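A.B. asks: If you're matching them up, the sequences are chains L and Y in order.
The first sequence begins at 1 in our numbering and counts up one residue at a time.
The second sequence begins at 354 in our numbering and counts up one residue at a time.
Don't read these hints as lab results, they were simulated from the structure.
This structure is a prediction, so every number in the text was calculated from the model and none was measured.
For each residue, glycine too, the CB sits at the ideal point set by N, CA and C.
Mixed in with the good hints, there may be bad ones.
What the hints assert, rightly or not - Below, a list of computed lysine to aspartate or glutamate pairs in the EDC-like style, where the Cα atoms sit at most 20 Å apart:
#: 1; chain 1: L; residue 1: Lys240; chain 2: Y; residue 2: Asp678
#: 2; chain 1: L; residue 1: Lys216; chain 2: Y; residue 2: Glu684
#: 3; chain 1: L; residue 1: Lys240; chain 2: Y; residue 2: Glu660
#: 4; chain 1: L; residue 1: Lys214; chain 2: Y; residue 2: Glu730
#: 5; chain 1: L; residue 1: Lys216; chain 2: Y; residue 2: Asp678
#: 6; chain 1: L; residue 1: Lys216; chain 2: Y; residue 2: Asp702
#: 7; chain 1: L; residue 1: Lys216; chain 2: Y; residue 2: Glu730
#: 8; chain 1: Y; residue 1: Lys466; chain 2: Y; residue 2: Glu456
Claimed, not checked - Estimated spans, in silico, between C-beta atoms of each pair:
#: 9; chain 1: Y; residue 1: Gly589; chain 2: L; residue 2: Leu8; range: 38 to 44 Å
#: 10; chain 1: L; residue 1: Ala328; chain 2: Y; residue 2: Glu490; range: 40 to 46 Å
#: 11; chain 1: L; residue 1: Arg131; chain 2: Y; residue 2: Met440; range: 36 to 42 Å
#: 12; chain 1: Y; residue 1: Thr606; chain 2: L; residue 2: Leu7; range: 54 to 60 Å
What the hints assert, rightly or not - Chain Y residues, not near chain L, derived (Cβ > 12 Å throughout):
#: 13; residue: Ala423
#: 14; residue: Ala467
#: 15; residue: Ala487
#: 16; residue: Val488
#: 17; residue: Glu490
#: 18; residue: Tyr507
#: 19; residue: Glu526
#: 20; residue: Ser541
#: 21; residue: Val596
#: 22; residue: Glu738
#: 23; residue: Pro775
#: 24; residue: Arg798
#: 25; residue: Ala802
#: 26; residue: Gly807
Residues per chain, in single letters:
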Amino acid sequence: MTRLRELLFPLIAVLCAFAVGALVVLFIGDSPIETYRLLLGSAFSWPDGIGYTLFFATPLIFTGLAVAVALRGGLLNIGAEGQLYIAAFATAWVGITLSNLPSALLIPLCCLAGIAAGAAWAAIPGILKARFGSHEVINTIMLNFIAVALVGYLTQYHYRTAGDPIMESAPISAAAHIPRLGQFVPGLPARIPLNAAFLLALLSCWLVYVLLWKTKWGYEIRATGQNPSAAEYGGVSIRKEIVLTMAISGALAGMVGINEVMGYRYRYYDGFSDNYGFTGIAVALLGRNHPVGVIAAALLFAVLQRGGVPVDAFTQLVSKDIVLILQALVILFVAAEAMFRRGGRGPGAGGRI
Amino acid sequence: MRLELRNITKRFGAVLANDHLNIVIPSGTIHAIVGENGAGKSTAMRIAYGFYRADSGEILVNDEVREIRAPLDAIALGIGMVHQHFMLVRPMTVTENIVLGAEPGSALALDLKAAAARVRALSEEFKLAVDPDAVIEDLSVGQQQRVELLKALYRKAELLILDEPTAVLTPQEVEEFFAILRRMREQSKTVVIITHKLSEVLAISDNVTVMRDGRVVGNVKTGETDAAALARMMVGREVLLRVEKPPAKPGATALSVRGLSITGRDGARRLDNVSFEVRGGEIVGIAGVEGNGQTELIEALAGLLPESQVSGSIAFGGRDIRALDARRRREAGIAHVPEDRHRRGLLLDFSLAENTILGVHYRPPAVSGAGSVLLNEPAIRHRAELVIREFDVRPPNPALPARALSGGNQQKLIIGREFELPPLLLLISQPTRGVDIGAIEFIHRKIVALRDSGCAVLLVSAELEEVTALADRVLVLHNGRIAGEVDPAAVTHEQIGLLMTGGHA
Chain L
1 MTRLRELLFP LIAVLCAFAV GALVVLFIGD SPIETYRLLL GSAFSWPDGI GYTLFFATPL
61 IFTGLAVAVA LRGGLLNIGA EGQLYIAAFA TAWVGITLSN LPSALLIPLC CLAGIAAGAA
121 WAAIPGILKA RFGSHEVINT IMLNFIAVAL VGYLTQYHYR TAGDPIMESA PISAAAHIPR
181 LGQFVPGLPA RIPLNAAFLL ALLSCWLVYV LLWKTKWGYE IRATGQNPSA AEYGGVSIRK
241 EIVLTMAISG ALAGMVGINE VMGYRYRYYD GFSDNYGFTG IAVALLGRNH PVGVIAAALL
301 FAVLQRGGVP VDAFTQLVSK DIVLILQALV ILFVAAEAMF RRGGRGPGAG GRI
Chain Y
354 MRLELRNITK RFGAVLANDH LNIVIPSGTI HAIVGENGAG KSTAMRIAYG FYRADSGEIL
414 VNDEVREIRA PLDAIALGIG MVHQHFMLVR PMTVTENIVL GAEPGSALAL DLKAAAARVR
474 ALSEEFKLAV DPDAVIEDLS VGQQQRVELL KALYRKAELL ILDEPTAVLT PQEVEEFFAI
534 LRRMREQSKT VVIITHKLSE VLAISDNVTV MRDGRVVGNV KTGETDAAAL ARMMVGREVL
594 LRVEKPPAKP GATALSVRGL SITGRDGARR LDNVSFEVRG GEIVGIAGVE GNGQTELIEA
654 LAGLLPESQV SGSIAFGGRD IRALDARRRR EAGIAHVPED RHRRGLLLDF SLAENTILGV
714 HYRPPAVSGA GSVLLNEPAI RHRAELVIRE FDVRPPNPAL PARALSGGNQ QKLIIGREFE
774 LPPLLLLISQ PTRGVDIGAI EFIHRKIVAL RDSGCAVLLV SAELEEVTAL ADRVLVLHNG
834 RIAGEVDPAA VTHEQIGLLM TGGHA
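The following block holds chain L by itself, in its conformation from the complex (with noise of 0.2 Å):
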């Protein structure tokens, strides 16, 4: 039953999200089902539809997991962002250093070097909480515009290949790529970019899954996140446990860079993240910070991505912003939803005597 309202409420939000954008393309003057019948239907086409809506998911489905995971243990990560950009550059960076080592070295390497460099980057924030007290929200957002200009600062004037105009490291060693799904799934050509990097992402929610509610690092993460006073009464050291869930988020988070440099563009190419750091917010919260849940908002925001471009190209009035109204929306509702729930305990909670 609770199992079910899980489900249902993020499931209404969406609803109402839909319903409302299409009473904003009606004002604006288009046909609702025809927009939404653009911005689905691509979204759903095989192969470039399907293909292009995993790749799309995959750095939410990573990001969203970091910040579900944050949550889950009472910490707002909002630094996602940075995290992803100085983890992707140090991906790029192993890819090129040591470019003649082999793949079965390399691979494991720099997948390891962008986990490791999103951890220590969230550490930080989380070290400042549990020494100084200070609160990880602002120390998270200030750490984002840190870390873009450092990896900003590195391809400008010291990884970038002389002569290239474009703000983008030299290309990491062909030992260092990631095969494609292509490569394996008959009738999805290589060009799409999606990548092993998905399968990854879907492991690292098992994964998730299986340190939060099966382990009991996690029944400490979750007991420090629910209730600090009771996990410190419980023996937990509540300052270890910051920087732990903020180093685990961060390495989340730095999976980004091996979707984006080991099976997409094969080099750093700086400004390369959508907003993913602060878009896994939303799928986080969408999907009730649980990996499954992570996993189904990681692909409506991805299918909205997916299908703004057709929306822009093939209707008379309605732009791509509709996708950004909708998922404003669906984000709006979401909250709403939360809201109304804790309005709806009140009279219970209000009525124990």
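Given the coordinates of chain L, assemble chain Y onto it according to the supplied hints.
C.D. replies: Showing chain Y alone in chain L's frame:
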């Protein structure tokens, strides 16, 4: 003022909080409403005060049917309410607090002088001894409560509803408070007092309404009943009001505290050079008004305070445990039932099963497999079922979130978990706060049984009756110091009350 609730019914979701209530409160009387937690007494009175609206039924004020949609309607009719948790603005003066929401004078000029004069006059009329110009945060809890009374009287309340008014008072303050209530009755005010303390009902009220499971199970004259009869009505069966316990057989010293001092984060002394011992097989009670260092003492013993705040020595089983953190202390055999079950004791959104392993979640049997990382769900469930069965936790479903339980059942779950350790020393604070009479009896018996099995027990309770009934020795804490040790069998409440307030027994 005569107040009558006629056929009042109120539902919260699936819970029937009030089921066709009929309560008549005659004018100029002190009327007690008693019942266990969840019996619906506060709900009924909140309906009378306009906080909630009844689903059906009517409210009659002086024999006229009245619509009370909001507290403002109630106030206009002359009904006032004082809540269990005071609603005062702490940095403001008494007068400022009292006029809040009914400011005198024009919209621009606040006429506080006239208001202060009225407050003074009211205070003198009822001998409340409240200075209108005092700032709230400088007042004692008892004085703050009288400010709340003044607030209602200032708004010309003829009928006052008091929700658990004595919960925060010392025995002396309770006496003063009752004297005030009697003076109000003399001035032909009507007083409704919601309580679960039967001794107070018998001491102060004219009539009693007993509630159980949302229904009125009895309307009696106080003079024609006694505590046993009231308890039976409240619980629905015979209840043992006295704790039956054989004499203690103290064994070896379990806990030895020497020169323990605690400094708060703000630099203030919370505990000052306290020394005592607890031996196996005895219950040592700590009495005192809340906020005199009990909380800090227990937290320090449980390992929940930073070492920098604690000085002195704490020896357990002969070895110094100052350097051990909470986890190591629990491993050594120190169990802790915290005073605030929602803040410390439970993970409210976690299942009962998950709650029964808090503190032992990291070691077998809660975990199993390589490196003891994976939670062992069958073992956890087994433990939960054991605690639920042994401590009669209802409903007995380990998958429910702890939030879904009543206060008494939550408390039984925590106590069950801690007893399951099993402990050599039990630190237990406010074991029966907000717990039904039936469950109180059960918890008391369990604590005595644990003592008889040889465990050392340190008990802190704000309920004097509880401390004197359970403990074999009682230490009275005042201002962070031990004001005296008394024999619970020989001492009177007045003597303890004096020690609690810094006097001498």
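A.B. asks: Each hint needs a verdict: does it hold in this structure or not?
C.D. replies: Verification of the supplied hints:
Distance hint between Lys240(L) and Asp678(Y) is fulfilled; the C-alpha atoms sit about 14 Å from each other, no more than 20 Å. At roughly 17 Å between alpha-carbon atoms, Lys216(L) and Glu684(Y) fall within 20 Å of each other, so this suggested pair holds. Of the pairs offered as hints, the one joining Lys240(L) and Glu660(Y) holds, with about 17 Å between alpha carbons and a cut-off of 20 Å not exceeded. Taking the CA atoms of Lys214(L) and Glu730(Y), the gap is about 8 Å. The hint holds against a cut of 20 Å.
With a C-alpha separation of about 19 Å, the suggested pair Lys216(L) and Asp678(Y) falls inside the 20 Å cut-off, and the hint holds. Taking the CA atoms of Lys216(L) and Asp702(Y), the gap is about 17 Å. The hint holds against a cut of 20 Å. A distance of roughly 11 Å separates the Cα atoms of Lys216(L) and Glu730(Y); the hinted pair therefore holds under the 20 Å criterion. Restraint check: the Cα-Cα separation between Lys466(Y) and Glu456(Y) comes to about 12 Å, which is no more than 20 Å; the hinted pair holds.
With their beta carbons about 39 Å apart, Gly589(Y) and Leu8(L) fall inside the hinted range of 38 to 44 Å. Distance hint check: the CB atoms of Ala328(L) and Glu490(Y) are about 45 Å apart, consistent with the given range 40 to 46 Å. Range check, Arg131(L) to Met440(Y): Cβ separation about 38 Å, and the 36 to 42 Å hint holds. Hint check: Thr606(Y) to Leu7(L), Cβ distance near 57 Å, so the stated range 54 to 60 Å holds.
A cut-off of 12 Å between C-beta atoms confirms that Ala423(Y) is not in contact with chain L; the least separation is 15 Å. A cut-off of 12 Å between C-beta atoms confirms that Ala467(Y) is not in contact with chain L; the least separation is 36 Å. With a minimum CB-CB distance of about 32 Å to chain L, Ala487(Y) clears the 12 Å threshold, and the non-interface call stands. Annotated as non-interface, Val488(Y) keeps its C-beta farther than 12 Å from every C-beta of chain L; the closest such distance is 30 Å.
With a cut of 12 Å on Cβ distances, Glu490(Y) stays outside the contact zone with chain L, its closest approach being about 25 Å. At roughly 26 Å from the closest C-beta of chain L, the C-beta of Tyr507(Y) stays outside 12 Å, upholding its exclusion from the interface. Against chain L, the non-interface label of Glu526(Y) holds: every CB pair exceeds 12 Å, the least being about 24 Å. Consistency note on Ser541(Y): stated as away from chain L, and its beta-carbon is indeed over 12 Å from all of that chain's, at 29 Å minimum.
Non-interface status of Val596(Y) relative to chain L is upheld: no Cβ of that chain comes within 12 Å, the nearest being about 26 Å off. The non-interface label for Glu738(Y) is consistent with chain L: the shortest C-beta to C-beta separation is roughly 19 Å, beyond 12 Å. No Cβ of chain L approaches the Cβ of Pro775(Y) within 12 Å, the least distance being about 17 Å, so the stated non-interface status holds. With a minimum CB-CB distance of about 25 Å to chain L, Arg798(Y) clears the 12 Å threshold, and the non-interface call stands.
A cut-off of 12 Å between C-beta atoms confirms that Ala802(Y) is not in contact with chain L; the least separation is 24 Å. With a minimum CB-CB distance of about 24 Å to chain L, Gly807(Y) clears the 12 Å threshold, and the non-interface call stands.
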